[in-house]
Structures are given as C-alpha cells and as structure tokens.
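K.L.:
Sequence:
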Amino acid sequence: MNPAKVIRERVKALTDLPNIGPAMAADLRLLGIDTPTQLLGRDPYAMYDELCARTHTRHDPCVLDVFLSITRFMAGDAPQPWWHYTAERKATDHAGRIPAPRLGLP
0 MNPAKVIRER VKALTDLPNI GPAMAADLRL LGIDTPTQLL GRDPYAMYDE
50 LCARTHTRHD PCVLDVFLSI TRFMAGDAPQ PWWHYTAERK ATDHAGRIPA
100 PRLGLP
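Read in order, the letters of the sequence shown are residues 0 to 105 in numbering that gives the first Met the number 0.
I should point out that these hints are in silico values taken from the structure, not numbers from a laboratory. Watch out, some of these pointers could steer you wrong.
[Stated by the list, open to error] Computed beta-carbon distance windows for the label pairs:
(1) ALA90 to GLU8: 29 to 35 angstroms
(2) LYS4 to ALA52: 30 to 36 angstroms
(3) GLU8 to HIS55: 34 to 40 angstroms
Just so you know, these numbers come straight off a predicted model, no measurement behind them. Here a beta-carbon is modelled for each residue, glycine too, at the ideal position from N, C-alpha and C.
Given the sequences, and given the hints that come with them, work out the whole structure.
P.N.:
Given below as structure tokens:
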C-alpha cells in the first residue's frame, strides 16, 4: 500500500502495510509471516537473507529497503516510502556482503 494511505489502526493484512502489494505479501508468507504483527521484533536484514536462501535467488536490494520500512513501521515509526531506507541500507553495505555460496547461487 502507498505509505501516504496507510492508517495504522486499520492495518490487519500484509497488503495493508506500507509498500506491500500482493507479490511482496507472498514473499513474506514464504518467511512464515502471515500477519503484520508477526513482523514485531524481526530483523529486516535476516529476513532478506532468509528470503534469498529460501528462493535460491539474490533479490534486488530494494527488497531489503521494503523490509526495513515495514519492520520500522510495525515498531512505531511513521510510514515511509521504501526508498527512504535506501541510504541506510547502502551505508551498511549489506547487499554487497551476501555471499553467493551461502545462498546456493553460482
């Protein structure tokens, strides 16, 4: 959902979260996350690693930005567009540190 349209009190389904549409909701379900409250306390970097490992695919780093946006939102931060977190992700260089062999990728 567009972050500008998110009303915290009405967030019940994954697609009610900022930046989450049907495809990202499906990715979250692959991680065993079926409801927004299951994001509480989750590490977005670990979620990204797990998604890459489960799908045997190195996902676009923007997926990590989305995970940052939704975990922060569920922790109480204001809804933000996913690109709000790009600079933070780049500062950690997390996406560049994911070793391909660990993910089972060539």
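K.L.:
Given the range 34 to 40 angstroms, decide if the beta-carbon distance of GLU8 to HIS55 lies inside it.
P.N.:
Once the Cβ atoms are compared, 38 angstroms apart, the range 34 to 40 angstroms for HIS55 and GLU8 holds.
K.L.:
Is 29 to 35 angstroms a correct range for the gap between the Cβ atoms of ALA90 and GLU8?
P.N.:
Given about 32 angstroms between the Cβ atoms, the range holds.
K.L.:
Hint says 30 to 36 angstroms; check whether the CB-CB distance for LYS4 and ALA52 agrees.
P.N.:
holds (32 angstroms)
In terms of the numbered hints stated before, the structure departs from none.
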